[in-house]
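For the protein sequence lines, the chains are R and V, in the order given. Adding 7 to a residue's 1-based position in the first sequence gives its number in the numbering used here. Adding 7 to a residue's 1-based position in the second sequence gives its number in the numbering used here.
Be a bit skeptical, because a hint or two may be false.
[To be verified] Facing chain V, a subset of chain R residues (Cβ under 10 Å, in silico): (1) Ala26; (2) Gln42; (3) Asp54; (4) Ser56; (5) Leu95; (6) Glu97; (7) Val114; (8) His133; (9) Leu140; (10) Asp149; (11) Arg165.
By construction, these hints were calculated from the structure, which means they are not laboratory data. All C-beta atoms in this analysis are idealised placements derived from N, C-alpha and C, irrespective of residue type, glycine included.
There are 2 protein chains.
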Amino acid sequence: MSDPQSGTGADDAAGLDAAELDTYFALMEAVSLLQHSVEQQLRAEGDLSYVQFQLLARLAAARGQLTMTELADGVVYSRSGLTYQAGLLEKRGLVTRATSPDDERGVTVTITDAGRALLGTVLPGHAEVIDQLLFERLSHKDAKALAALLAPVRDHMRSTPPRSATPRRRRT
Amino acid sequence: MSDPQSGTGADDAAGLDAAELDTYFALMEAVSLLQHSVEQQLRAEGDLSYVQFQLLARLAAARGQLTMTELADGVVYSRSGLTYQAGLLEKRGLVTRATSPDDERGVTVTITDAGRALLGTVLPGHAEVIDQLLFERLSHKDAKALAALLAPVRDHMRSTPPRSATPRRRRT
DNA sequence: TATTGTTATACTCTATAACTATA
DNA sequence: TATAGTTATAGAGTATAACAATA
Numbered sequence: 008m009s010d011p012q013s014g015t016g017a018d019d020a021a022g023l024d025a026a027e028l029d030t031y032f033a034l035m036e037a038v039s040l041l042q043h044s045v046e047q048q049l050r051a052e053g054d055l056s057y058v059q060f061q062l063l064a065r066l067a068a069a070r071g072q073l074t075m076t077e078l079a080d081g082v083v084y085s086r087s088g089l090t091y092q093a094g095l096l097e098k099r100g101l102v103t104r105a106t107s108p109d110d111e112r113g114v115t116v117t118i119t120d121a122g123r124a125l126l127g128t129v130l131p132g133h134a135e136v137i138d139q140l141l142f143e144r145l146s147h148k149d150a151k152a153l154a155a156l157l158a159p160v161r162d163h164m165r166s167t168p169p170r171s172a173t174p175r176r177r178r179t
Numbered sequence: 008m009s010d011p012q013s014g015t016g017a018d019d020a021a022g023l024d025a026a027e028l029d030t031y032f033a034l035m036e037a038v039s040l041l042q043h044s045v046e047q048q049l050r051a052e053g054d055l056s057y058v059q060f061q062l063l064a065r066l067a068a069a070r071g072q073l074t075m076t077e078l079a080d081g082v083v084y085s086r087s088g089l090t091y092q093a094g095l096l097e098k099r100g101l102v103t104r105a106t107s108p109d110d111e112r113g114v115t116v117t118i119t120d121a122g123r124a125l126l127g128t129v130l131p132g133h134a135e136v137i138d139q140l141l142f143e144r145l146s147h148k149d150a151k152a153l154a155a156l157l158a159p160v161r162d163h164m165r166s167t168p169p170r171s172a173t174p175r176r177r178r179t
């Protein structure tokens, strides 16, 4: 009831009670604010979008290289979107693209030293923003509780096919 | 440790431990997936972007009218962005704009019957997506716990000034 | 002078469809 | 035929700066 968006005329929005609406809107608003701050930081300190940051981070986490398809997973929702972003990163010398040795259709993306260096430059400030915005009002215990709640939700979302296939007719 | 992004080379990203990174990435990924699905639903069933949906929902929650500045709060990060979105809504007859009676500089935005009707059309499907993606793997108890964790975080974020003012020099 | 809102403009990003090449 | 990726292109959205009008 504390959120102004929870009283949208229909107090019960077909299956969601007020408490669930509160949860949903709190989640969306918090992440929206966090994402906005984080994107400002990344842009200011590394001239990176959040998507580009994610791509570099994934590559670094994957021992340096991934195929385009692997790289796209969860970050981008269209092939061409990734081609565009990877192109930008390549232009700046942060990654390299080369035909995969095992599958000639595939392209292997590799993070460069410059890419790793930029990631290193950007990470401290990134962590600082997250710390100040997300964790300032969250005890370590609460942070763990939050992760424990979100992990299964995220995993479920990952494995749930997009709703686009089921346009869901519901006209009154 | 379950998230591939948590091992970005530097296991401890200057102030954030691995558990906190997990929490952060889980939060961002879950909301990214949720937002994507939700936007597809809104676009398919009401030809609305999430921002436009928020604007209509806020107006409905506010007894029908708000000033542009009030409406912008938390939804949009620039004045012109709101003017653009409000213009689209007005073109479709979902809202009305008129000079505020008390302050001639201000513009009062009012949701129309068509706007309320569209909101009513879109809400059931919206709730369904949220239910299936967010609450399917969350007990009512856990949903409340999540809200309890997020509410103070959101409130803190709302009241924290954007980091843009402090460009945060950190060059090595 | 400060505030409210609009406009013009430039830019970033995304997505669809058509296309090439390999499996 | 199916899969991997690119390209062309078009459209949506955002942000900055200059502007007008009112407080």
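So, going through the hints one by one against the coordinates:
1. Evaluation of the Ala26(R) hint against chain V yields a held restraint, the C-beta minimum of about 6 Å falling below 10 Å.
2. Taken as an interface hint, Gln42(R) checks out: its beta carbon lies about 7 Å from the nearest beta carbon of chain V, inside 10 Å.
3. The interface hint given for Asp54(R) is broken, as the beta carbon of that residue sits about 13 Å from the closest beta carbon of chain V, more than 10 Å.
4. Hint status for Ser56(R): violated, given a least beta-carbon distance of 13 Å to chain V, over 10 Å.
5. At a threshold of 10 Å, the smallest CB-CB gap from Leu95(R) to chain V is about 20 Å, leaving the interface hint violated.
6. Restraint check, Glu97(R) versus chain V: the minimum CB separation of about 20 Å is more than 10 Å; hint violated.
7. Against a cut-off of 10 Å between C-beta atoms, the interface hint on Val114(R) is violated, since the closest Cβ of chain V lies about 19 Å away.
8. Hint status for His133(R): holds, given a least beta-carbon distance of 7 Å to chain V, under 10 Å.
9. The beta carbon of Leu140(R) is positioned within 10 Å of a beta carbon in chain V (closest approach about 5 Å), and the interface hint is therefore held.
10. The beta carbon of Asp149(R) comes within 6 Å of a beta carbon in chain V, closer than 10 Å, and the hint placing it at the interface holds.
11. Proximity of Arg165(R) to chain V holds as hinted, the smallest CB-CB distance being about 7 Å (cut-off 10 Å).
Hints 3, 4, 5, 6, 7 from the earlier list are contradicted by this structure; the remaining hints agree with it.
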